[in-house]
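One-letter residues, chain by chain:
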Amino acid sequence: MTDLPVRYLPTDRAPDRPARLVDDFTPALIDVGAHHLCPGCGEPIAMRSVVEVISELDVVQRAIAVFGIGCYTAFSNNLDIEVCQALHGRAPSVATGIKRAKPDTVVVGIQGDGDMVNEGLQEVLHTAARGESVTCIMLNNGVFGETGGHLTATTVLGQRTKNTLEGRDAEKHGYPILVSNLLAQLEGAAYVARGAVNTAGNVSRTKRMITRAFETQLERKGFSFVEILTMCPTGWFIETEEAPSYLDHNLAAVHVGGVLKDW
Amino acid sequence: MRQLMEGSEAIAAAMVAAGCRFFAGYPMTPFTEILEHMAKRLPDVGGVCMNAESELEAVGMAWGAAVTGTLAATGSTGQGLSLMQESIAEAAMARLPLVVFNMARAQGDYWQATRGGGHGDYRTPVLAPMDVPEAVELTQLAFHLAATWRNPVLVLGDYYVAHTSQSVDVQPLDFGPPPDLSWALDGSSGGSGRAKLVSPLGTQKQRDDVGYDLSEHYLACAAATSAMLAGIEPRAEVALCDDADIVVVAHGTPGRYIRAAVRVLREQGIQAGYVRPITLLPFPSGAVARAAEGAKVVAVYENNQGQMVDDVRLAVLGRTPVTFIGGLSLDSSGFGIAPDLDVTILRDRIAGALP
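If you're matching them up, the sequences are chains A and B in order. Take 764 as the starting number for the first sequence in the numbering used here and just add one per residue. Take 57 as the starting number for the second sequence in the numbering used here and just add one per residue.
The hints are simulated quantities; they were obtained by calculation from the structure and are not laboratory data. All of these numbers come straight from a predicted model, not from anything done at the bench. Treat each hint with caution, since some may be false.
[Claimed, not checked] Restraint ranges, calculated between C-beta atoms of paired labels, are given here:
#1 A:Q885 / B:L384: 26 to 36 Å
#2 A:A892 / B:R250: 35 to 45 Å
#3 A:E950 / B:E193: 36 to 46 Å
#4 A:H1012 / B:R250: 39 to 49 Å
#5 B:D177 / A:L981: 52 to 62 Å
Even for Gly, the Cβ is constructed at its ideal location relative to N, Cα and C.
Turn these sequences into a full structure, and let the hints guide you.
As structure tokens, this is what we get:
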């Protein structure tokens, strides 16, 4: 945690200044553009990137997305690709079942850090170790956004969450799990990368990672994984416009971006 | 062709005959051999058997396969099913056809099976075979019911059903035209403006100006559950009850021993009869109530401390006294080998319950 000046907002009441919708742009394959997530959230950018890649690779009619449970679940009934909603933590097994039963489908799991690393860490590890021909996407904002900004297994040391108001302290709360780094060590994982959506450049780089991950699946090279660092100004209790730089100085300082493994 | 088969192998053969093409499991006695036989048989018919890393993965994988309209199953013993309960409950809310085997240790899982250990307002039909030929039939019925009602269906067996060898002829049973699979996912509706969604949260999409409406969805699921329970005919084997002074109720393997014990009692001039529920949910309440008419007592035998006895009491509704003559009976392994499953012991237990 760097000493960046951050104007922390109170955690016990709504912000004084309401957030507002800036632009109601609706990308292809997303049904309703005005999403119900908070302004400044990184998850809609990540979702848009995923569906854009599905469209660009011309696999719209073969794609099945498997959703975990988190704020991003707001997209599970808002896409024009087929969706299977999984239980919290269980998306990698469900994705496995779909892919094994219908090998011609292109299967992508969408989970958050709470869903994948807290609730279902073993699922993604085993799925990667099996070299399952699916793509798993993890939206990592380091908090349980949906419950209101609570500590997850990826929360970085020093990060303020609603149940670590003084910041994550290793002595009390342990250390964050760097899940991409774990997965990259597994033989079955063919492609592992960590991107972010806090700048235009990062969005562009992340989209190339997602593309490569889907190519990994299409070429049947093994398990593919993209971790995407996303902004959560609400769960971080900071001003919306400060979230991109907060991400850089906190989350991304520990969960370092880049391609960790490529076949 | 009749063949001598161990129950687990016969159940696997019956699954394949029923069209099951996906199985995922995690070894646990006495369920393990079903997994072994599915691992052997499914690849030969173009199916997939997954050695799941835990029961959570097993039911998750089966969930994924079921979403594609593939007939899918998983299973374990009661302990493993405890782990699966969240998925079984939510699979009912996602309206997924899924068959789950519980090769239970003794009969302590009656409540788990019939009440369900998961959350929310759901029910799962439960079929309880007493021997290998019946397991072959009920296994196929389970897939038919699951696909017809789009709901998880449980097959509740035990150590004896899994490990007894009997002569059986496994043939596909004809249940009529195949059920509608238009809801299942294969990716092809993507980009149509109406891409399909299978979710325990409902199937309404935001483009219809509504989001997930859990109130509406759960009410729709409840209606589907009611229709399912009304639409499945309860099954029971009933014999010698017309003039019976004592009616004994038992299910599964003990039901088979009770049947023999009742026949011995009849030979000794004691007017005993029996009811063996085959569907535990829906429970054959009507059959039990009719059998109890005119009897002095209804005795329930279970290899547990008394679970199904509640359903018998609910069926009889106080018109005839109901007494419990069962009790946990286990060898040191706890796998469900019951010293009490002895016709002489059970005969004396029944006779002792007569007023």
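Now for the hints, and whether the structure bears them out:
1. Between Q885 of chain A and L384 of chain B, the C-beta spacing of about 33 Å keeps the proposed range 26 to 36 Å intact.
2. For A892 of chain A paired with R250 of chain B, a C-beta distance near 37 Å keeps the hint of 35 to 45 Å intact.
3. A hinted range of 36 to 46 Å for the beta carbons of E950 of chain A and E193 of chain B is consistent with their spacing of about 44 Å.
4. Remark: the range hint 39 to 49 Å for H1012 of chain A to R250 of chain B is upheld by a beta-carbon distance near 44 Å.
5. Checking the proposed 52 to 62 Å range against D177 of chain B and L981 of chain A shows it is violated: the Cβ atoms sit about 42 Å from each other.
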